[in-house]
Amino acid sequence: MSRWIFHPGDADLARYVDNCDTASQRKASVHLRRHLADCDTCRAYVTFLRSLPERIAALEGPGASEALFARIRARYASGEVVILPAASNRAPTSRLAWFGAAAAMLLVAVTTWFAWPTPDLTALAPTGDLRFAPDRIVSGPIELRYRDPGLFGGTPQLRVRARYRTVQGVAVPFLGGEPVVATLMRDADGVYHATVRVPDSVVYAAFSVEGPNGSRVDHNGRRPWHLLMYRGTHPTYEALLQYANDLMEENSELAMSVLQERARLYPDRPGSWWPLVAVERFTLGGAHADSTVAEHCARLQQFDAELRSRPSQSLAEVWDVWRYAVQLHDRACPAAQHINDVWHTWLVQHSHAGATQPEFH
Amino acid sequence: MLLSEADVTTPSDGELAARLKCRDDDALCILYARFATPLLRLALRFLDSVDEAEDVVQDVFVGLPIALRHYEEHGAFGAWLRQVTVRTALMHRRSRERRRHAHVALSPARRAATTQDSVLERVALEGALATLPQALRDVFVLYHVEHFSHAEIAALLGIRRGTAEVRLHRAIRQLRTQLESDR
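As given, the protein sequences belong to chains H and R, one line each in that order. The opening position of the first sequence corresponds to residue 62 in my numbering, with each subsequent residue numbered one higher. The opening position of the second sequence corresponds to residue -1 in my numbering, with each subsequent residue numbered one higher.
For the record, the hints were derived by calculation from the structure and aren't laboratory data. Hints may contain errors.
[Claimed, not checked] Which residues of chain H face chain R? A partial, calculated answer using Cβ under 7 Å:
no., residue
1, 71
2, 107
3, 109
4, 113
5, 116
6, 117
7, 124
8, 129
9, 130
10, 136
11, 137
12, 146
13, 284
14, 349
Where is the CB? At the ideal position from N, CA and C, for every residue including glycine.
When you get a sec, could you build the whole thing from the sequences and use the hints?
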C-alpha cells in the first residue's frame, strides 16, 4: 500500500528528481515510486521537472561585445572607483536585530541633540582657529591661542569649555557638563590667549570657545579641537580610543577615521580592531562589513591562537579577543562563534567584581 | 581585444585575479573573454534590458580590482564572481525601481520598449519565465539556471532558506501551468 494517501508535496518530488540520497529519503522514494506508478498527475510533474535542465540549457542569450569591453576599458583606464557588494554568507538579519539597531540609532540621535550647546549657530557658521602649545596633553601648563573668525565681535574675553576623558572613559568632572577651564584674553592684535592645565588622569580633551554669555559657540564645525596623550611620536592607544568614543556621538565618520589610524598604529592589539568593525558597520553599512569579514576573521583566529599559546592570560587580552569574536560571530566567520564561546566562558569564570575594561561606545 | 585561445584558457582564475588586483590590463582582457558573456546573461535575468545588464557587467569589471582585495583563493572564482554580479544586478534593480516610483509616468512606455526587445520572449520557456512574479523568478533563475544552493540563494536575496524552497516550488508550478496553457 502506498504511503502517499494524498499527492506527495513539491519538495518530495523535487528531492526524488534531484536524487537527494539520505536513508530516510531512499525509504520515502520507495513509497513515492509506488505512488508515481499509479498517479498520472505526479508522473507528469516529475517528467516536467526532469525536462527542465535540458530546456534551460537550450535558452539563448546575448553575448558580451567588443563595444562593451571598450567601454569597460575606458572607465578602467580613467581610474574610476566602483565599490561592489562583495559576496557574503550572512544569514538574514532578525527582526530583533533591526529593532536593536533602530533603538541604538535613536539613542545616538537623542544624545547628540542634547550633548552640545549650539545657540545661534548653523552649519555655515564660521569657525576660528584654536592652537595649543604644546599640542598634546602634558602635566604642565598648555598655552591656548585663538583667532576669532568674526563670530564674537571683538569682545575682550572669551570662555573655553572642555570635555575630558580618562583611560576608562570617565568624563572629568563626572557631573555638571563641560566646565569652563580657561578665559581667553584679547591682545592688541586681536588674538586671544589663555593657559590651561589638564588633570593628570586625562588622556583626551575636547575644547570649544564661547562668548561671555554663552550665546555664541565655536566648536570648529563639530570637529572639536582636541588634545591627546602621546607616547613618543604617536598618540597613545588609550587616548585614540577615547577620542573615537567622544566623536561617536557627533561625527561617526571622523570617529571611524580615528579608529582606522589607531588600528594602523597598533595593529597587534585585538582592541584596535573590534571597535573599528563596529563603527565601520554602523557608518558604512552591512555591505562594507561583509566585504571585510574574511580579513577580520583571519586576524581574529591569529589573535585567538596567540592567546591560547600563552601560559596565562590577562583579563584585558581575553576581553578584547572575545569582543572581536562578538563583532564577527553573526557574519561569515565560522570560527568566531567558537572563539566567542570559549572566551566568554573564561571571562565568566575569571572576572570579578570591579574588573572593567575601557569600553567603546 | 586580440586574444588567442591559449590566452583565454591557460592562466588560472586565481592567477588572473591576483594580476587584476595590480590593475593588469591583460588580465582584465582575459577575464572579460572568459566570464563576460555568462555574467551578462546572468544579469539580464534580473533586469529588463540588455542595456541595463551591460551596465551591471561594466560595473562588475571596473570594480573588480578593489573587490578582489576581499576574495580569497580557496573558493571558486567563477562562483564568487557570479554572486557579486547577482548582488550588483539586484542593487541596480532596486535603485531603478526607486527611480521608477519617482517617475511613474515614464514607467509603462519604458517597460514596453524593453520587454519588446527582450530575449525573454523569444523562447517559450523564457516567455513563461517572464510571466513569473519577480520574487519567484529570482529564485528559479538562481537555482535552476545558475545552480546556486538554497542556502546561497537565501543569503543572496536576504530571505530564509525555507522561503527560497517554497518560492522555487511555486515558480515551477506556475511555469508548468503557463507552458501548458501556451500549447
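So, going through the hints one by one against the coordinates:
A cut of 7 Å between beta carbons decides the hint on residue 71(H): the least distance to chain R is about 4 Å, and the hint holds. For residue 107(H), the shortest C-beta to C-beta distance to chain R is roughly 11 Å, which exceeds 7 Å, and the interface hint is violated. For residue 109(H), the shortest C-beta to C-beta distance to chain R is roughly 5 Å, which falls under 7 Å, so the interface hint holds. Hint status for residue 113(H): holds, given a least beta-carbon distance of 6 Å to chain R, under 7 Å.
For the restraint placing residue 116(H) at the interface with chain R, the shortest Cβ-Cβ distance is roughly 5 Å, inside the 7 Å limit, so the hint holds. This hint holds: residue 117(H) has a C-beta 6 Å from the nearest C-beta of chain R, less than the 7 Å allowed. Because the closest C-beta pair between residue 124(H) and chain R is about 5 Å apart, less than 7 Å, the hint holds. With its C-beta approaching chain R no nearer than about 5 Å, residue 129(H) sits inside the 7 Å limit, and its interface hint holds.
A cut of 7 Å between beta carbons decides the hint on residue 130(H): the least distance to chain R is about 5 Å, and the hint holds. Among the interface hints, the one on residue 136(H) holds; its C-beta lies about 5 Å from the nearest C-beta in chain R, closer than the 7 Å criterion. The criterion of a C-beta within 7 Å of any C-beta in chain R is met by residue 137(H), whose closest approach is roughly 6 Å, and the hint holds. Interface restraint check: residue 146(H) against chain R, minimum CB-CB distance 4 Å, threshold 7 Å, status holds.
Proximity of residue 284(H) to chain R is violated relative to the hint, the smallest CB-CB distance being about 28 Å (cut-off 7 Å). This hint is violated: residue 349(H) has a C-beta 10 Å from the nearest C-beta of chain R, more than the 7 Å allowed.
Comparing the model with each numbered hint stated earlier shows that hints 2, 13, 14 do not hold.
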